[in-house]
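S.K.: Produce the entire structure from the sequences given, and follow the hints as far as they go.
2 protein chains.
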Amino acid sequence: MRIKLILAYDGTRYGGYQSQANTLAVQDVLEKAIEDLFHEKIRTMGASRTDTGVHAEGNVACFDVETRIAPAKIAFALNARLPEDIRVLASSEVSPDFHPRFQRTVKTYEYHIINRTFPDPLTRNFEFHYHYALDAAKMDAAARFILGEHDFASFAASGYSSKTTVRTIYEARVFREGDRIIFRVRGNGFLYNMVRILAGTLIEIGAGKYPPEKMEEILLAKNRQAAGPTAVARGLILKQIEYPDA
Amino acid sequence: MRIKLILAYDGTRYGGYQSQANTLAVQDVLEKAIEDLFHEKIRTMGASRTDTGVHAEGNVACFDVETRIAPAKIAFALNARLPEDIRVLASSEVSPDFHPRFQRTVKTYEYHIINRTFPDPLTRNFEFHYHYALDAAKMDAAARFILGEHDFASFAASGYSSKTTVRTIYEARVFREGDRIIFRVRGNGFLYNMVRILAGTLIEIGAGKYPPEKMEEILLAKNRQAAGPTAVARGLILKQIEYPDA
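Quick mapping for you: the protein sequence lines, in order, are chains A and B.
Each residue of the first sequence is one higher than the one before, counting from 1 in this note's numbering.
Each residue of the second sequence is one higher than the one before, counting from 1 in this note's numbering.
One thing to keep in mind: the hints can contain errors.
To be verified - SDA-like cross-link-like pairs, simulated, lysine to any residue; straight-line CA separation at most 20 angstroms:
hint	chain 1	residue 1	chain 2	residue 2
1	B	Lys-239	A	Arg-116
2	B	Lys-239	A	Arg-180
3	A	Lys-239	B	Lys-214
4	A	Lys-239	B	Thr-117
5	B	Lys-73	A	Gln-240
6	A	Lys-239	B	Thr-123
7	A	Lys-73	B	Ala-133
8	B	Lys-138	B	Lys-73
9	B	Lys-138	B	Lys-214
10	B	Lys-32	B	Ile-114
As the list claims (entries may be wrong) - In silico negatives: residues of chain B with every beta carbon more than 10 angstroms from chain A:
hint	residue
11	Thr-23
12	Leu-37
13	Asp-51
14	Glu-66
15	Pro-121
16	Ile-182
Said to hold, decoys possible - One side only, chain B facing chain A, incomplete, derived with CB under 7 angstroms:
hint	residue
17	Ala-8
18	His-55
19	Leu-89
20	Glu-93
21	Val-94
22	Phe-98
23	Lys-138
Derived by calculation from the structure, the hints in this document are not laboratory data.
In this text, a Cβ means the ideal position worked out from N, Cα and C, and glycines have one as well.
M.R.: Below you can see the structure in the form of structure tokens.
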């Protein structure tokens, strides 16, 4: 049967989600726990690669296994074998043709900023520290320009190759919670580094470098040079992946 | 001149705030940064010792120094010399007779609980994970019994010696924020382990082991055996220390 896992992890000490040479990936650690539990090497399929230092509260991975363990209990058995910085939040059986990446998905990300003189040591690994004043209302106004279907070529890491750079954004807003500013975005797909480049651009707008309307101009430029810098990885959290067809 | 520091730290890797043999304390690291900055060994006076693994967002330390650095700039200079898990949030000059511990103080603590099936890897070091259902409203009703002046002998670690076990509590409440339950308490002093024993007792009440009124009975018993267990250190955060007379 095919098992779907909802994964949360602190990405600080990992070289991203997906296995690759010369770095410890979340996938490596997960597959070791799976091997430990089922006594066989099982390859998993992940929904989102997430970069080095990026966190997740709702990444998704799947694998096939024949077992008598009830699907919902697999989460408990895996958590007993995983380090504290990775948790399986839920496990369930899905259709054998379910694929976490090739299926239609809606993803939600948050980018967290702490906007005060000094960082907070308790949350330092999960937010970007920005010392100077940021106007969250202006950032929010700017974020509205990306709502709907657009060509996001300006917000893709250069060298990125994909069939299309058109994506649809269903939710994009910026709000302040005390010293924190949160950029929340939900869409049908994101180009490589897209959320971090959006965040880096919104920070420039919040700092007053450009007016909110600059966002539309950047979109129309379809050129990475037009947008702001890529915001640091530690502020990014993959919150949720929805599967509308599953 | 006497300098007062407001300190925030992630207590995870420290053996508490105060220097002692065979462990790395926050004070050790702070005094090393101070020595680095002023080129002399300077002894600091801390307001609250905080136990191993306990965190702070508002501990206070003082020291005397002759320097031409503006008092408010000392925070910046120390942060450049401190590890990421300790931050000086503010530095200021205070009266030479100000002492962070012997002065009258009002302290605020929070105890954080994550109440769901699995812990959250992003906040795992800053909250206690409790799997079973907790009734925050019952915990809140129980917390109200400690408001005002009481003898808290039941909530002091055994072996604790102090002139008096009477303390005054100005605020004591429990509230839920999604999966989190927060116990917030503000008072003119706390006995050793008092907040953690209060938290451990409130968790038993929230789990339905006792009704909220049990809290009054425990207070009147003046016996550590009457109260619940000491909740784990990682959930405790020293939020603020006020000096009404300073």
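S.K.: Each hint: holds or not?
M.R.: Now the hints, each set against the structure:
no.: 1; hint: Lys-239/B x Arg-116/A; verdict: 17 angstroms, holds
no.: 2; hint: Lys-239/B x Arg-180/A; verdict: 17 angstroms, holds
no.: 3; hint: Lys-239/A x Lys-214/B; verdict: 40 angstroms, violated
no.: 4; hint: Lys-239/A x Thr-117/B; verdict: 18 angstroms, holds
no.: 5; hint: Lys-73/B x Gln-240/A; verdict: 42 angstroms, violated
no.: 6; hint: Lys-239/A x Thr-123/B; verdict: 14 angstroms, holds
no.: 7; hint: Lys-73/A x Ala-133/B; verdict: 19 angstroms, holds
no.: 8; hint: Lys-138/B x Lys-73/B; verdict: 46 angstroms, violated
no.: 9; hint: Lys-138/B x Lys-214/B; verdict: 11 angstroms, holds
no.: 10; hint: Lys-32/B x Ile-114/B; verdict: 35 angstroms, violated
no.: 11; hint: Thr-23; verdict: 19 angstroms, holds
no.: 12; hint: Leu-37; verdict: 16 angstroms, holds
no.: 13; hint: Asp-51; verdict: 16 angstroms, holds
no.: 14; hint: Glu-66; verdict: 25 angstroms, holds
no.: 15; hint: Pro-121; verdict: 5 angstroms, violated
no.: 16; hint: Ile-182; verdict: 14 angstroms, holds
no.: 17; hint: Ala-8; verdict: 5 angstroms, holds
no.: 18; hint: His-55; verdict: 6 angstroms, holds
no.: 19; hint: Leu-89; verdict: 6 angstroms, holds
no.: 20; hint: Glu-93; verdict: 18 angstroms, violated
no.: 21; hint: Val-94; verdict: 19 angstroms, violated
no.: 22; hint: Phe-98; verdict: 22 angstroms, violated
no.: 23; hint: Lys-138; verdict: 27 angstroms, violated
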